[in-house]
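Enquirer: Two chains, two frames, some hints: make the complex.
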Amino acid sequence: DVKVTQSSRYLVKRTGEKVFLECVQDMDHENMFWYRQDPGLGLRLIYFSYDVKMKEKGDIPEGYSVSREKKERFSLILESASTNQTSMYLCASSSSGAPSNQPQHFGDGTRLSIL
Amino acid sequence: GDSVTQMEGPVTLSEEAFLTINCTYTATGYPSLFWYVQYPGEGLQLLLKATKADDKGSNKGFEATYRKETTSFHLEKGSVQVSDSAVYFCALSDQANSKLTFGKGITLSVRP
Numbered sequence: 002d003v004k005v006t007q008s009s010r011y012l013v014k015r016t017g018e019k020v021f022l023e024c025v026q027d028m029d030h031e032n033m034f035w036y037r038q039d040p041g042l043g044l045r046l047i048y049f050s051y052d053v054k055m056k057e058k059g060d061i062p063e064g065y066s067v068s069r070e071k072k073e074r075f076s077l078i079l080e081s082a083s084t085n086q087t088s089m090y091l092c093a094s095s096s097s098g099a100p101s102n103q104p105q106h107f108g109d110g111t112r113l114s115i116l
Numbered sequence: 386g387d388s389v390t391q392m393e394g395p396v397t398l399s400e401e402a403f404l405t406i407n408c409t410y411t412a413t414g415y416p417s418l419f420w421y422v423q424y425p426g427e428g429l430q431l432l433l434k435a436t437k438a439d440d441k442g443s444n445k446g447f448e449a450t451y452r453k454e455t456t457s458f459h460l461e462k463g464s465v466q467v468s469d470s471a472v473y474f475c476a477l478s479d480q481a482n483s484k485l486t487f488g489k490g491i492t493l494s495v496r497p
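Sequence lines, in order, name chains C and W.
Each residue of the first sequence is one higher than the one before, counting from 2 in our numbering.
Each residue of the second sequence is one higher than the one before, counting from 386 in our numbering.
Since the hints were made in silico from the structure, they are not lab data.
Owing to the predicted nature of the structure, the values given are computational and were not obtained by experimental measurement.
Glycine included, C-beta positions come from ideal geometry on N, C-alpha and C.
All clues given are correct.
Over 10 Å on every C-beta distance to chain W, these chain C residues come out as not near it, computed from the model:
{"hint": "1", "residue": "Val20"}
{"hint": "2", "residue": "Ile61"}
{"hint": "3", "residue": "Lys72"}
{"hint": "4", "residue": "Thr84"}
{"hint": "5", "residue": "Thr87"}
{"hint": "6", "residue": "Ile115"}
Think about it this way: if two alpha-carbon atoms lie no more than 25 Å apart in a straight line, the pair counts; the simulated SDA-like pairs of lysine to any residue are:
{"hint": "7", "chain 1": "C", "residue 1": "Lys58", "chain 2": "W", "residue 2": "Ser388"}
{"hint": "8", "chain 1": "W", "residue 1": "Lys445", "chain 2": "W", "residue 2": "Lys489"}
{"hint": "9", "chain 1": "W", "residue 1": "Lys445", "chain 2": "W", "residue 2": "Glu400"}
{"hint": "10", "chain 1": "W", "residue 1": "Lys489", "chain 2": "C", "residue 2": "Ser83"}
{"hint": "11", "chain 1": "C", "residue 1": "Lys72", "chain 2": "C", "residue 2": "Met89"}
{"hint": "12", "chain 1": "W", "residue 1": "Lys441", "chain 2": "C", "residue 2": "Ser96"}
So that you can see chain W by itself, here it is in the shape it has in the complex (with noise of 0.2 Å):
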């Protein structure tokens, strides 16, 4: 079945370092991918989204790419802020349906 593996955390960087969170995923067909992210005490917004292989999805400073050949789909961000604390999920999604397979997460600390 379907799968997504995330780096292992937590991560705590300091305040305008390079971010990168590695997530790698296996699926049949052609997945869309995402990234989720989880403020304290909220729930799930969509950070970003790569719909086909070397898409790059992008926001708020935040960009990953749609890689089919070494399947991944890596966040990157180049230079983080204390507001960017939070828990982050990368998901892909089956092209037959709308379920959401996710990875387990991991939590970025910011730190001033």
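Just chain C, same shape as in the assembly (with noise of 0.2 Å):
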């Protein structure tokens, strides 16, 4: 089975401070992508990483950034947190094979307050 691993399942930071999400999978998966979930809004593709040292804008990237220097792991980085990034982010990965038809595994997601 795929397991896709979060650092933390709840972490509390105070507004400014710059904050690391960490994600690892183990199946040797090219692709790996960090969402945010709030109610009403379903999930938001934040930023996503097709391979090592290549990342690529999802819908909403501002106020983020991500890292990734080796391909089992896909960090998101909040560079000044703010409240409004209050959230739950959750991370996912997927092999590419036929893009489309390949479907995203996912951590159990880290629930995030800020201060």
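Expert: Structure, rendered in structure tokens:
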């Protein structure tokens, strides 16, 4: 079974802090994704990566950056945390077979609160 | 751009009731379609998928048929259980890449 592990289930940080959310997958997947989940808005894509050291902006990249130094690890960085970044963050990975047929596998999420 | 529209929720049903959750989409080309489920306190899990028109995806008693003519992918189950209580997301995948576009999700509660 694919395992996507997010480093923290719950995290509390202060406004202005630099925050790192870590995600590791164990299935040698090429593609990795970061989403945020908010009530009434569903999941929104922040950034994604198709390969090591490669990144692309999703639908809501403002205020975030990412890092992918190794294939199995994809980090989301909040450069200067703000209260409107309080949310559930979900990491996912997928294989790059026929792209549209490959399901994404999700971690359990990190519930981040910015005070 | 691509979009997915799900019916408004939440939905509350009695055990053994019939379930339909509506999902329609807008996309260029021929996307693949997915239903994901999120149980309380967990991440999303793939429930079922369909990759071309008229395909039927099925899993755990749930079914959905890819209807190109109505751009729909409605989720159905003949007899729901309390353990089906969860949030359900409809999603589509662009053929050109691996990105998913999600609907807003709908919460299903099944009472004994």
